[in-house]
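Under the numbering used here, the first residue of the sequence shown is numbered 25, with each subsequent residue one higher.
Hints may contain errors.
Said to hold, decoys possible - Straight-line C-alpha distance at most 25 Å; calculated DMTMM-like pairs for lysine to aspartate or glutamate:
{"hint": "1", "residue 1": "K227", "residue 2": "D246"}
{"hint": "2", "residue 1": "K70", "residue 2": "D108"}
{"hint": "3", "residue 1": "K70", "residue 2": "E202"}
{"hint": "4", "residue 1": "K188", "residue 2": "E161"}
{"hint": "5", "residue 1": "K70", "residue 2": "E204"}
{"hint": "6", "residue 1": "K188", "residue 2": "D302"}
{"hint": "7", "residue 1": "K70", "residue 2": "E278"}
{"hint": "8", "residue 1": "K188", "residue 2": "D155"}
{"hint": "9", "residue 1": "K70", "residue 2": "E85"}
{"hint": "10", "residue 1": "K70", "residue 2": "D57"}
{"hint": "11", "residue 1": "K227", "residue 2": "E278"}
{"hint": "12", "residue 1": "K70", "residue 2": "E92"}
{"hint": "13", "residue 1": "K70", "residue 2": "D33"}
{"hint": "14", "residue 1": "K234", "residue 2": "D250"}
{"hint": "15", "residue 1": "K70", "residue 2": "E128"}
{"hint": "16", "residue 1": "K70", "residue 2": "D302"}
{"hint": "17", "residue 1": "K234", "residue 2": "D193"}
{"hint": "18", "residue 1": "K70", "residue 2": "D250"}
{"hint": "19", "residue 1": "K70", "residue 2": "D243"}
{"hint": "20", "residue 1": "K188", "residue 2": "E204"}
{"hint": "21", "residue 1": "K227", "residue 2": "D193"}
{"hint": "22", "residue 1": "K227", "residue 2": "D243"}
{"hint": "23", "residue 1": "K234", "residue 2": "E278"}
{"hint": "24", "residue 1": "K188", "residue 2": "D243"}
{"hint": "25", "residue 1": "K234", "residue 2": "E201"}
To be verified - Just the calculated beta-carbon pair ranges, DEER-fashion:
{"hint": "26", "residue 1": "R143", "residue 2": "P215", "range": "19 to 25 Å"}
{"hint": "27", "residue 1": "E201", "residue 2": "S309", "range": "44 to 50 Å"}
{"hint": "28", "residue 1": "L147", "residue 2": "R47", "range": "21 to 27 Å"}
Because the hints were derived from the structure by calculation, they are not lab data.
Virtual Cβ for every residue (Gly too), placed ideally from N, Cα, C.
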Amino acid sequence: MLVATSTRDFAGSTLRTAIFLERQFRAHLISRDRLVFDTRYSPPAKTTSAFVHLYAHLRGECQLVGGERIAGPHAYVLAETEFDRVIPGATTFRSSGAPAVIVELRVPITTLRAPVGLRHGPLALPAPIWDAYLALEAAVSGGATQDTLGAHLHQIIDRLGAAKLLSIDLVRSVVGEEPERYARLWTVLRPLYEDYATSASLKQISVLAKLSLRQLGRDLGDLTRDFGLFGGGFRDTMRVLRLRAAVLLLSAPESTPGEVARVVGYGSLDAMGRAFRDAGLPAPSSVQDAVRWPA
């Protein structure tokens, strides 16, 4: 399992995250303090996938379009078209809090034993699973080691398996110790995650890793294949990550579109505006009007 954490204070808000990468699944813990996540403005990935998200809302509020605000804890199973690739007509939702704490678990649809889609309503989870989620939150907040964080995530997977919500094959797929070349490459990629370096290029990564572009291409290609990363290609993945970061930071109470463009690596507000148009999103100022946390 590959693990990384990050914390960013920005314009009156705080974003704290942890990422967990495995062969068959991916997980994030996200703590958004005075930030708003609204899937109406989620930039869609260009390619389809056979994955779904178990979206566990530990703290904060979640509001389905046209519905009431629901305080956590609660969990939903999100279809691919409700999260990774939001399409017109899909059910959307809005998540916020001071903080809102969420654990997202992305798994193959064939490994999840639960109805898929927001229309099915909240998913009932046994108390031991919520206890494991809260233990992971406490470990991330307390600055625990990556090994400790990985153990907490593994406990969540085990308990979801024991509750027959995840297949036994997925539970058994967790790798304890990664091959040396993956560990070496991750030591280079991890600081990029920690710094929210969404504009990093392959050339920059090759310099940091002290690898030729050819060798980096081989290693990154193997990592990509084994961990199911960059489904639409490295550039498309970075494009989506940069857009998602921009939309989220536009919701910070004291943010400006120009400052957001600089922080996420667009270079200028005009460049960010073009990226939003290309993704089919409204102008950054319009998105900010819709999602901004009250100052």
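With the threshold set at 25 Å, check whether the alpha-carbon distance from K70 to E92 stays at or below it. This hinted pair is violated, its Cα atoms lying about 31 Å apart.
Does D302 lie within 25 Å of K70 when you go C-alpha to C-alpha? Given pair K70, D302 holds - Cα atoms ~12 Å apart, limit 25 Å.
K234 and D193: Cα distance at most 25 Å? violated, 37 Å
Given pair status - E161, K188, alpha carbons within 25 Å: holds, 23 Å
Going straight from one Cα to the other, do K70 and E204 come out at no more than 25 Å? violated, 32 Å
For the pair supplied as a hint, K70 and D108, is the alpha-carbon distance within the 25 Å limit? It holds: about 10 Å lies between the C-alpha atoms, which stays within 25 Å.
If you draw a straight line from the CA of K234 to the CA of E278, is it 25 Å or shorter? violated, 39 Å
Straight-line alpha-carbon gap K188 to D302, limit 25 Å: The hint is violated at about 42 Å.
Take the C-alpha atoms of K70 and D250, compute the straight-line distance between them, and say whether it is at most 25 Å. holds, 20 Å
Are K188 and D243 close enough, with their CA atoms no more than 25 Å apart? violated, 35 Å
For the pair we were handed, K188 and D155, check the Cα-Cα distance against 25 Å. Between K188 and D155 the Cα gap is close to 17 Å, so the pair holds against 25 Å.
Is the straight-line distance between the alpha-carbon of K227 and that of D193 25 Å or less? Status violated; Cα separation ~37 Å.
Checked against the numbered hints given earlier, this structure breaks hints 3, 5, 6, 7, 9, 10, 11, 12, 13, 17, 20, 21, 23, 24 and 26; the rest are met.
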